[in-house]
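Chemist: Take a look at the letters that make up each chain.
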Amino acid sequence: MTPTTAAAPARRAPFAERVRQRAFANGARVYVLENRMNPTLAISGSLQAGRLYAPEDRRLIASITAGELMKGTARRTKLELAEALESRAASLSFSSDASDPVGVDIAGAALSRDTDLLLEILTEVLVSPSFPDEELQKEKKRLVGSIRQQQDQTSARAFEEAMRRVYPAEHPLHRLTGEQRIARVEALRREDLEGYYGARWGAGSLALVIVGDVEAERILDLLEKALGSWRPGPAPAIPAVAVPPPSPCREIVAMPDKASADVVLAQPSDLKRTDDDFLACSLANSALGQSSLTSRLGVRVRDTEGLTYGIHSSLGATHVPGPVVVSLTVKPDSRDAALASTLDEVRNFLKTGLTEKEITEEKSSRIGRFKVDLGSNSGMASALDAAIYYGFGIAYLDEFPAKVAAVTKEQADTAFARRVRPEDFTIVSAGTLEPATQGAAGTAAIET
Amino acid sequence: MSREPEAITAILKPQSKIQDPFEFVEERAGIREFRVRSNGLRVLLIQNRVAPVLTFAIVYHVGSRNEAVGHTGATHLLEHLMFKGTPEFQRAKGTAVASVLEALGARFNATTWFDRTNYYETIPSDQFEVALRIESSRMRRALLRDEDRVPEMTVVRNEFERGENSPFQVLYKHTFATAFREHPYHHPTIGWRSDIEEVTTERLREFYDTFYHPNNATAMVIGDFEEDAALERIAAHFAPIPASPQPIPRVYTVEPPQEGERRFVVRRVGQVGWCALSWRTVEAVHADTPALAVLGNILGGGITSRLHQSLVEKNLALSVSVVPWQLRDPALFSVFAPVRPGVELSEVESVIRQEIARIAADAVTEAECAKAQTQIEAEVIFDRDSTDQIAASLSEAIAVADWKWYAEYPAAIGRVTPEDVRRVVLTYLHDDALTVGLYVPKPGQSEIVEEEKAP
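Going line by line, the protein sequences match chains G and A.
With positions in the first sequence counted from 1, the corresponding number in the numbering used here is that position plus 25.
With positions in the second sequence counted from 1, the corresponding number in the numbering used here is that position plus 663.
One or more hints might be untrue.
[Unchecked claim] Derived DSS-like pairs: lysine-lysine, alpha-carbon spacing no greater than 30 angstroms straight-line: (1) K165/G / K977/A; (2) K1105/A / K165/G; (3) K977/A / K103/G; (4) K756/A / K382/G; (5) K977/A / K163/G.
It should be emphasised that the hints constitute simulated quantities derived from the structure, not laboratory data.
Quantities reported herein were computed from a predicted structural model and do not represent experimental measurements.
Turn these sequences into a full structure, and let the hints steer you where they fit.
Modeler: Quick look at the structure:
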């Protein structure tokens, strides 16, 4: 049945043994995994400088500071940095996504012959960004245009409005309206970025993972020399974030000329990525709606009823408790039917819990996918980075299959039921839609 | 001792007993090609033992290029129905294709494009057999039931509607429909809405029976496997399938030369306009394809590229994408740019034309050419990082040319000179071969309406 088993490479040593690591005196932690199969390397890293640490009325400083890091250093202009990387087919980026209020993501890749170049630019940009005003002025104009572009998209509008309603203004997951964001962008000054960089960026919370065709000890030495004397900055610390009570309501963002509508159902939850029952909860979520083809929601709303091309449920848990979100796209005149089926299926799922077949399949799926995702340098770098970012440690990668296997149906059911109540959803539909007649959106209308 | 006997042994290896069902065709750049003697199925093997994972993929040489009015989108709708089942794999038995693959943790999907349809699964390598059973079952035993097509049609229609929400997709569809009037690249892979809604199950079955045969397919295994064992299992599943009873119909429609600039405008409510310029070019196997790829990179590959500098850095456009389409028949060279609100679309169009004229007049530098070559060559190396990336690149190559084209592509790119780049600009990027598309935002307000407040 499995003819290739015999040919599989010899069993590898555990990650915990293969990953070389070093903590520098200033707090920076570096992890290197040698993988000589392909002459490339991948970098994945993080630093605690996300929007959670920015002033409440100017959260976007965090993402713009991260993005502007590549716009110039004490030694090089933006164009010189880009020329150095692009002429060698290398890449490097810093970003801070609003869905993870804590972290800044660092991502890089190069052919291994350009390892030193990539590390040199990475450290130069981390330690001595210059935030040129001319670049910020250009970026502000581009950002205003990009926000206007997003305002034309039904998916962005539905999600933005749902997050605006679910989380109060002071919460780091609250989203401003497009016009509010444009006003914030226009008010930004160079000093804001420089100030935020000075206050939040430093070695104290920096973790870097490098995987690929490299010599671990040499990389650790090289980085210690380049980053070992960088200022420590703030020590890692994640302030507690309150979970707001649910604020269920139904809204339409009416947008003319849209052939497809987006529906987002969201509610706050107290689930964090670091919670003991996160894995159990996430297996339950996968059974409910991870796949448009095989999950409960997918089988009912897409496969059986044909009401959507894509339907997903997701958990927004990070270091900060995040929302439970179900999203789908629909033909505008099928919206009521699709929404009714979606809510009905969530209720059924909560009533019955997972079947034994579902929990077995979700567990084997999660373990198999974990192996498949570790099939590349960038995949290994991301998995290691996540394990370190959430404080699980390297051994988490070795223990993961057993941890998944140990989850029981009861644990999954309990973890999910504790966090999701169908009546707590804030429901936002964006597209060329008319408001439902009173109560109609809750009934199981059938499209003919 | 002479090394010769060993070399001969290596050449003879493919003749070993286990490979009897196969004819060994050729090896190049780590890719070994075999052909199933009984039915013409081509099989490509690439060992890549980065991880205990492999990708199995099948490319059928059928895409929207093989469709005509009335059944546009049929290839794509059929691809969707291939997930609805076969006698062995179906939801009623708890063995739906997607469920079986999902339970393995597979990364899997299928996609349809102008020249091909592909099915692929990346799986733990000890699960190879499952992928073989699914794909051999789908090759000739798809159920294609009307009760499956009806709900799937509305799924696909929503996919079409999602595309209509995207200015980029609207522009690309209009561009092909305008630049190609006779050749089937005229219609989009997703199909026209009314064809998606009206095409019958019988018509889809006819399509399936015409094109889904081993002699119209290429299978590939990439990753962690042992060759003899892999070939033996492929033979067990695929060799019994007969070749098509009729020859696979060929597409013979040729788009005549374009004799003047064409323009179109789409007006919809929104805030951001787009500009798209596309020139008629050549088929992928044409000798000028590598120079057009290098040109694409010089114009749009990264921050240092010419159009990024003249459009994005000047705050005229929000971004710019350059697409040197590589298809089986002559295709296009396209530039797409969302225009920053407040800037005239005509200004962006004029800057794009000026940048093309500048290359026609002054050529590009050696450094620009070298950077583009490094980036394109490096992509091939980055691809090798994961088996599904290799499968994706190789599938596209097979669809538009063949695997040797993929194997030789980096070297062909390496031979491009700055003069070649200028020459292809002069040859192809002239006004008579140009289609200009403008997506013009119409004024209109969105508003937030409260539907219902919870009690």
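Chemist: For a quick check of understanding: which of the numbered hints are violated here, in increasing order?
Modeler: none
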